[in-house]
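> Given next are the chains, with one letter for each unit.
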Amino acid sequence: MEKGQGHPSREEISALALGALDPDETGTVSRHVQGCADCQRILTEYQQVADGLLLAAPPQEAPRQLRARLARVVDGKPVTAREPDVPQAPVARPPPSTDDLRFAGTRRGGQPRRLRINWMSVGLGLAVLALLAMNVGLAVRIRLLERQQQALLQLIDENQSSLALVAQPGMRALPITGERGEGNLVISPDGKQAILFLRGLPEISPSRTYQVWLIPAEGAPESAGLMERQDSQPYSSFILQSPVALNSYAAIGVSVEPAGGSAAPTREPIIVIDLKDLSL
Amino acid sequence: MNSDDELVNRVALQDKDAFLALYDRYVNRVHGLALRMVRDGQTAEEVTQDVFLKLWSRARSYLATRGTLIAWLLAITRNTALDRLRLENRRPPAAGDDDPESAWDVLADEQFSTDEARWRSLYFAILALPVDQRQVIELAYYQGMSHSEIAGHLGWPVGTVKTRMRLGMDRLRQEWLESGSTAQPVEQKSKRSAADVS
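Keeping their order, the protein sequence lines are chains G and A. For the first sequence, the numbering used here assigns the number 20 to the initial residue and increments by one for each residue that follows. For the second sequence, the numbering used here assigns the number 141 to the initial residue and increments by one for each residue that follows.
Calculated from the structure, these hints are not laboratory results. This structure is a prediction, so every number in the text was calculated from the model and none was measured. Glycine included, each C-beta is placed from N, C-alpha and C at the ideal position. Warning: the hint list may mix true and false statements.
Stated by the list, open to error - Examples of chain A residues toward chain G, derived with CB under 10 Å:
| no. | residue |
| --- | --- |
| 1 | His171 |
| 2 | Arg226 |
| 3 | Glu228 |
| 4 | Gly295 |
| 5 | Arg313 |
All chains, please: the whole structure from these sequences, using the hints.
Written out as structure tokens, the structure is:
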């Protein structure tokens, strides 16, 4: 199989497996490989090597304080900037004075004093503590459930909007392939509305967000909004609205930006959808 | 011993003990890859912490049908480390600093499964590559650089970068196939497509 026969070269396929293709090459090569059994087989073999590169890095012992720090985080406890490696030594108590020794534990007249424990008070105290702990636990769970409910309602809302758009007559679907995700771009007949469906979007840090860009042939990319990766669905979706037909732009891009988004892309997009040949 | 799938399901229910069990099982692998990529102890520790925080908060999104937990964790590690490198706009360090024999001595008493032996074999195969081929593969995979970026960094023509990358990958592919990789290195239970996440 040689490049001249319409297939990408082995250089290109091996680079695709490593994620090393230049952005303008990735889409073309990916699209071909998806539809070509021979190239797909070669890519799979190179991808096995790439997987092996992940696993081939030798293990290195992690700092001991990291475990304690993470344990505190998952316990919901505050974490100080630097966790000590060893527990602090207990503070030494001063020795009792001779006076203390003489009078400690004695009744008037020198008789030894018996220690009396009011078990009722102890029991009541423990019960109160247990109730308090339960209440705090319940309050935390309720808050968590409320947040989950809100997220689900928002998801239902977005899905209903997506469904309504997709159901319009004349909608067209453009397949998307990329190194970090695949899916479809469904475009309305007038080209001013579209839904981006993406599968396989990688996990990102909570301090990051996906941002969608409309990229003109000349000039700076325009933000189309922030896209949330949906864990509970096999795909993530994003509704695009544009005052002009989308094919007046050269491409749509998706990049990873700091939480809250950026005024301009701060890094190369991980997905680029070429709109140059899109006819409406 | 609980399986990864059992533990991940419990982590999804916010089971701290299951989380720490997975931490103990995989932290050195995650930290090893992080350190390999960012080459700085403090940053590697932060990347490792980030990865396990993602495990804690996103355990529900792990799909056993797409691969093993360790592969998922290491893919997250790679992406997190790459984000960190790009954020800090860091130049990649010089290659060739590893002492190949001591690299696997950290956990000398770790029992090697068949998979571990294959990965170790691949590790040594990487080190055995000609320096120019190893350099381009490491810059691409561990530093997230494209052909053009590698060419600019090394001062080579793009065509040279492409050729050396392909030659290196072909050698590694050969090594991987010969070391008995007919069983998938990542327990792939479904066919991967061209656009799967690396």
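> Of the numbered hints stated earlier in the document, which are not met by this structure?
3, 4
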